[in-house]
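Those protein sequence lines, which keep their order, are chains Z and B. Going by the numbering used here, the first residue of the first sequence is number 434, and it counts up by one from there. Going by the numbering used here, the first residue of the second sequence is number 10, and it counts up by one from there.
It should be emphasised that the hints constitute simulated quantities derived from the structure, not laboratory data. Glycine is no exception: its CB is placed at the ideal position from the N, C-alpha and C atoms. Each hint can be trusted.
Just some of the chain Z residues that point at chain B, by a computed CB distance under 7 Å:
1. 609
2. 611
3. 613
4. 701
5. 745
6. 818
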Amino acid sequence: MTTAASALDRLRHALPSDTERPPAHYALDGGTPAIAFAPNDPAEVATLLHEADEAGLALAPLGARTAAALGRPLARYDIALDLRPLDRVIEYVPEDLVITVQAGVTLATLQATLREHGQYLTVDPPPGDEVTVGGMLASARSGAWRGHLPAARDLILGMRVALPSGEVVHSGGRVVKNVTGYDLHRMHTGALGAFGVIVEATFKLAPLPAATRTLLLTAADIEACGALARRVWDAGLAVRAIAVLGARAADAAMLAPVPCVLVEAAGSVAAVERTLRELRSAATGAGDASVETWARLRRLAAGPGATVLRLGVPPAEVETTVAALERAGLTAWAHLAAGSVIARGEIAAPDVEALRRMAVERGGFLQVEVASAALREAVDPTGAEERTLVEALKRQFDPRGTVNPGRRGPGL
Amino acid sequence: MRDGDAGHALDATLARTMATSSAAAHPASSGQPAGHEALVRDLQQALGVDSVLQAPEDLIAFEYDATIERALPEVAVFPATTDQVAAAVRIAEAHSRPVVPRGSGSGLSGGAVPVLGGVLVVLTKMNRIIEVDRVNRVAVVQPGVVNLQLQEALAPHGLVFAPDPSSQRVCSLGGNVANNSGGPHTLAHGSTVNHVLGLEVVLPGGRVVRFGGRLADMPGIDLRGLFVGSEGTIGIVTEITVRLVRAAPDVRTLVAIFDSVDAASEAVSAIIRRGLIPVALEMLDREIIRLVEPRIHAGYPLDAGAVLLIEVEGLAEGVEADAASVEEACGLAGAREVRVARTAAERDRLWEARKVGIGAIGAASPAFYLLDGVVPRTRLPEVMRGVMETSARYGFRVANIFHAGDGNLHPNLMFDPDEPGATERVLECAETIMRLCVDAGGAVTGEHGIGLEKRSYMEWIYSAADLAAMHAVRVAFGGADRFNPCKVLPGGHGCSVGHGAEALAVMRRGADSV
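This is chain Z alone, in the form it adopts within the complex (with noise of 0.2 Å):
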């Protein structure tokens, strides 16, 4: 990439020179940025945005980089924007279960912060909790917990998003209910960048549940098991995860490779032993599992060495989604309450089309989460939105399209 020096030199001048890095530790999909900047603080990260418009230079903001391939390639990228220094807890109650927290802190770090209190933050995001605070809200991706429990984005109590024209805005606040003007926050979630950087978000939090247990059920195929995942789904148990695994996903959950459900019991002592008995009694086959088979999903549902798909499917049809899947040779399970199936393998555009179509028909989605920029570039990623007026914010917040441009597609 050609950048102006004189432009880039305007960078350095603008921003503390122990900020800048190396660009070449920023590839992104085989293309290198001119410049790299890892701000120290949220005002550095205005600065650093505000200098990029003036430019017309692209900035794409990176934190531990696990979602850098979803989305659309970028279109131009000029400026790496390091968010990891913004690792600061900026203010903590345990008593009132809320935390603030700047964007490039981890959720390694974030937990392990929580825990010390016996509280957490109710998420499990994919690949792990290597992720960073911004880059989770940013993509908006859930585990298996969603749909048992709140999402990142119903947890956000409050919101700072850098904009390029250099201004740092908030929206919300650090109480747990609010109906204090637009929560813009929610706009950012999930967007990728698309309106400006988040550098502080505001969570609610949850105590941590005094007992979990992972339980494997088995029954005679994938249909049984999907009956079985939702008759466990309606008990009315203290369950925050369901998921029904293919045989193939099974094998690659070091589980025995047949088709099964992953089940965790969470909640107080007595409500989980019941929770035990109950589900033992409801299946053919059950027995323990381990806790680290929930983190090897998580990993497969982004990690790299294949094509990895999100389908939303109605719960009712996770089963025959999965088995759809594993049938055509890629390693498929579903989170049942989200309606929430991952599909991983190789697969080719029309293929992903044609997925796309079977679970639109349903009242469904499919985003892909991980492919190379050429399937990428073939498939749109997120599929179909309301773009008309995703372009008339656009042109409101970032209208030079100086964030991310191009990731969420032609002009976005």
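With the hints as your guide, set chain B onto chain Z.
For chain B alone, coordinates are given in the frame of chain Z:
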């Protein structure tokens, strides 16, 4: 923000006078605004003669919501379909008239008051439950469906729509979406936005769009989440897809009795501190108990300083443990007694007291001002002391009935508007209490919305840049000037700025449901 209008809108805050507002709000009785006949004719053609009201005597019922601010719409229309809503919006815009959506009219921040006149789009005819999908836990409803109507339809399936505003007997689901409504069970289940999966919306300009879908985590920009709580300023919702939750297998309702609001507030903090989140944690103070107990006979002691109404739910085993922990926390905080509802009837009576509380205040006082503020839960004891001291200093009786577990206060200041100066003093008192909330790290509304009432308080919370960003959303949706004008954001053409005038909007007319 790059939009030129944003700065202008904020500057306008200073430039407007109340006089312009009231002139605009009440078309001269001698005649209708220019083009009135043509507007009515176009609306009648599109919606049918029976669905358009324009005679002043017919419109009086629609000049206010649950507040006392009044303004007559020029025309009220009653669409039966999405296409009719879109047609009404297009016609209003073609005639340069403001559009104001309205559901049941039970709003508490003046959000449905047509302050600049124009076309009021009343959605009560669109009251069909289109679908209940028990297996996938989804329901599709029209915006005029009343909250309780949906709950009743779901009960046989063992399912619940979690948001349960105390006004659920009258409030519409479209209104719940517009205001991101809460309710007692918000504590565990979250507000309306956490339970809306998809929306069909008529945008300013009349285009019909869909946001979200039937599943959580639809990919793409979350316009659904942005729209919920936008108070009718960026579109009119015409269909709602909601997420349902399974009714809990076991519920326990407890009443903890305290000698003072202070002790009850400490107990709330103590319960949350234990890492225990009940599904509901409500406070009723002495004033409320004395007003409702003689009517309901739920067993609230008349000499109590305050009671906490607490509900825990889940599996029987967990409920048992949680109830014991709540009881212990209340005891340590000085509860004189903790009672457990033994039967469903007993439980219903306890909740009945909560639900009729606001109405009881209306019956006991010529007027009252229902406040809605929110504070961090650990600050509840000191803020409640401030609420009691402030009301006493201004000489008002105050009745508190609120969502203590969320830190969501509802002090009700009782006063006589005929007493000279009382209205002004009640506004001052209310503003002082709102300041207490904000100074404690809270916000100016937890669930009732900004509407007309609290536009001027927005600047306490948000910077000019924050407000400009919100205005930019309004511009992007095309609703900047004519869509529910003078609501949520400060400023706006022809909108008043008088703090008093706007806050007055929410003084209650008297009794009914909240």
